[in-house]
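As they're listed, the protein sequences go chains Z and S. Count along the first sequence from 1, then add 11; that gives the number in this note's numbering. Count along the second sequence from 1, then add 11; that gives the number in this note's numbering.
Just so you know, the hints here were simulated from the structure itself, not pulled from any lab data. Check each hint, because a few of them may be wrong.
[Stated by the list, open to error] DEER-style ranges, computed between Cβ atoms:
1) R346(Z) with G47(S): 40 to 48 Å
2) R235(Z) with G234(S): 29 to 37 Å
3) A193(S) with A44(Z): 49 to 57 Å
[Unchecked claim] Partial chain S-side listing against chain Z, Cβ under 8 Å, derived:
4) V85
5) F147
6) A186
7) P228
8) D265
9) A266
10) I289
11) K292
12) A293
13) L294
These numbers were taken from a predicted model, which means no experiment stands behind them. Heads up, the beta-carbon is just placed ideally off N, CA and C, and yes, glycines get one too.
Single-letter residue listing:
Number of protein chains: 2
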Amino acid sequence: MTALSVVPPLAVSLGDPAGVGPELLAEAWARRAEEGLAPFFAVGGAMVLAQAAAVRGIAVPVEAITDPAEAAAVFPHALPVLDFADGAYRPGQPDEDGARLALASLTEAARLAVTGAAGGVVTGPIAKSRFAAIGFVHPGQTEFVAEAAGVAPEDAVMMLAGPNLRTVPLTVHLALGAVPGALSSELIRRRCTIVAAALQRDFGLANPRLAVAALNPHAGEDGRFGDEEARIIAPAIAALQAQGIAVTGPHPADALFAPHARGDYDVALCMYHDQALIPLKALDFDNGVNVTLGLPVIRTSPDHGTAFALAGKRRANPGATIAALRMAGECAARRAAA
Amino acid sequence: MTALSVVPPLAVSLGDPAGVGPELLAEAWARRAEEGLAPFFAVGGAMVLAQAAAVRGIAVPVEAITDPAEAAAVFPHALPVLDFADGAYRPGQPDEDGARLALASLTEAARLAVTGAAGGVVTGPIAKSRFAAIGFVHPGQTEFVAEAAGVAPEDAVMMLAGPNLRTVPLTVHLALGAVPGALSSELIRRRCTIVAAALQRDFGLANPRLAVAALNPHAGEDGRFGDEEARIIAPAIAALQAQGIAVTGPHPADALFAPHARGDYDVALCMYHDQALIPLKALDFDNGVNVTLGLPVIRTSPDHGTAFALAGKRRANPGATIAALRMAGECAARRAAA
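Okay, chain Z solo, but in the shape it has when bound (with noise of 0.2 Å):
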């Protein structure tokens, strides 16, 4: 028995029944052999899944499982799908019934994570105002599952990872003129420190190196324009490097990910919300994951949005949810092994 096999399965929710979710997860199941990609199941939605792929004109049988325990021994043969929630396939079509749905499957996904029942959950992508509409009260995914695993919405922390780059914002969805006060040297001290553990104990970086970005364009040049580096941001990098974390900065940011700079540092922590998105959907667009630090249970989900417009259009991209169920996979074995 290798260390693989004792890992529970990934427990993947739906998204958006009316987006692309559920066919870039058939998808993604139709090329777990040669994508390598550790067992999962969908959180309910079988006939909206038995639907997206043949719109999608895939093969993908269907396997109803009753308990997530089945599904490593269907996973092998057809996607297994818990015997939960379902609905009708509607492709650009998002409607109130899909919202519940979404939901109804984001819920489940995330309790059978943090009930161990699953080994993570990789969340299918959902539209924010629909979610809303229908009484959600989070900002996002992240803080609900930050809350069904009992971690404070601030302590868990958004990184985006792609081929070519790892990024995590401090601030997120904030006017830009409002970002320098959001900073302060704790927040970057705390959500590093966050970091620098997760990507040990996840990715499997014995030292990571993180690089934290400036805010002002050349990093200020010593105050001639912007104080927030000298006052706020290193600061809170010293006192890391006193905790015996490898940070360096605050780096002028149009440098930080230029080609040479990208070898020096496994994440970057970015203050605001485009400096992180920008250069990762510049590099890594279509196999960007987003991914949770922080919480006891693993969390992923693709980095892009339901895409109404696309979907049931075979061409939506599966690059980015075949990654977050990679991403989860490694991430949960690496846990396992430990």
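Dock chain S against the given chain Z, drawing on the hints supplied.
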């Protein structure tokens, strides 16, 4: 006689003699045939260039000329250098004499472009702090060349151009927190109008497509975080469209530089320095050209600094210098043919 033959040669300023400018200029001349570069001449620094070439280990005969008109005849067999000013080559050891030589070279190169004796000016990298120390009052070479050409500095528009992307930062050396207050519809309109005209005139794009980036993440999500998109950017775009300019936006900045999006525009107008420079340097680090639009003269520059630490070590990459020379030559040829 072809159209090209009537284009005067390009004047190239030396840059700081202790930086990588001289060796990269010598290297570009050595590759003139394979790179298809139009004739250029260095403005001063014959000894510096000869020594820089020797230290780099390349065979570059240097030949003094006394008039730019002699450059074309010399260019095939030697690097033409205007017999002007000169100094010692001390790579990695910048001093005041070197800064004075660089400033004299820049001043004369710009003058030759303005008079039409040169087809354009390509400026070598200088250290702004060292220029400031000898009394240079301009923020950078862009503003200096603009003044020499009789253009107000705010109408000299910096564009960064690489093989994959062109970007224009609407604000530059400003604290990030000061960016929202520096934006106005009028600024965006004026710069976009200059950019559109320059891409037509100098870059051969009959109907250039401009994409304007949003300031806030997700373009503010309908005002949920930030209103600059609705208040400042969208009205400018509407006005530009009414002028007949092909402009779209405001686009969420993280999606704008993704591979599939980059084909939809010829230039991205960005709200702040790092928004423009992060994707450019991530994608086109070694070949980035800084070109000044809106001037009566052609002006380009390699988009990197003096790199004192690399000077004289044979490792500096000539890609950006070659790209700057090629772009200036192409733009000059288009103007001459117009």
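Please verify that hint: L294(S), Cβ, nearest Cβ of chain Z, below 8 Å or not.
holds (6 Å)
Confirm or reject the claim that R346(Z) and G47(S) have a C-beta distance inside 40 to 48 Å.
For G47(S) against R346(Z), whose Cβ atoms are near 56 Å apart, the range 40 to 48 Å is violated.
With a cut-off of 8 Å, does the beta carbon of D265(S) approach a beta carbon of chain Z closely enough for the hint to hold?
Because about 3 Å separates D265(S) from the closest Cβ in chain Z, which is inside the 8 Å limit, the hint holds.
With respect to the beta-carbon atoms only, verify the hint that R235(Z) and G234(S) lie 29 to 37 Å apart.
holds (33 Å)
At a threshold of 8 Å, is the proposed contact between I289(S) and chain Z supported by beta-carbon distances?
With Cβ-Cβ at 5 Å, under 8 Å, it holds.
Taking the closest Cβ pair, is A266(S) under 8 Å from chain Z?
Where the cut-off is 8 Å and the nearest Cβ of chain Z is about 6 Å from A266(S), the hint holds.
K292(S) as chain Z interface residue, shortest Cβ-Cβ below 8 Å
Since chain Z brings a Cβ to about 5 Å from K292(S), closer than 8 Å, the hint holds.
Against chain Z, with CB atoms and a cut of 8 Å, does the hint on P228(S) hold up?
holds (4 Å)
Range hint 49 to 57 Å (beta carbons of A193(S) and A44(Z)) holds or violated:
The hinted range 49 to 57 Å holds for A193(S) and A44(Z), with Cβ atoms some 55 Å apart.
Residue hint A293(S), partner chain Z, criterion CB-CB below 8 Å:
holds (4 Å)
With 8 Å as the cut and Cβ atoms as the points, is A186(S) at the interface with chain Z?
holds (3 Å)
Minimum beta-carbon distance criterion (8 Å), V85(S) to chain Z
Violated, because the Cβ-Cβ distance from V85(S) to chain Z comes to roughly 36 Å (cut-off 8 Å).
Violation of the numbered hints given earlier is confined to hints 1, 4, 5; the remaining hints are satisfied by the structure.
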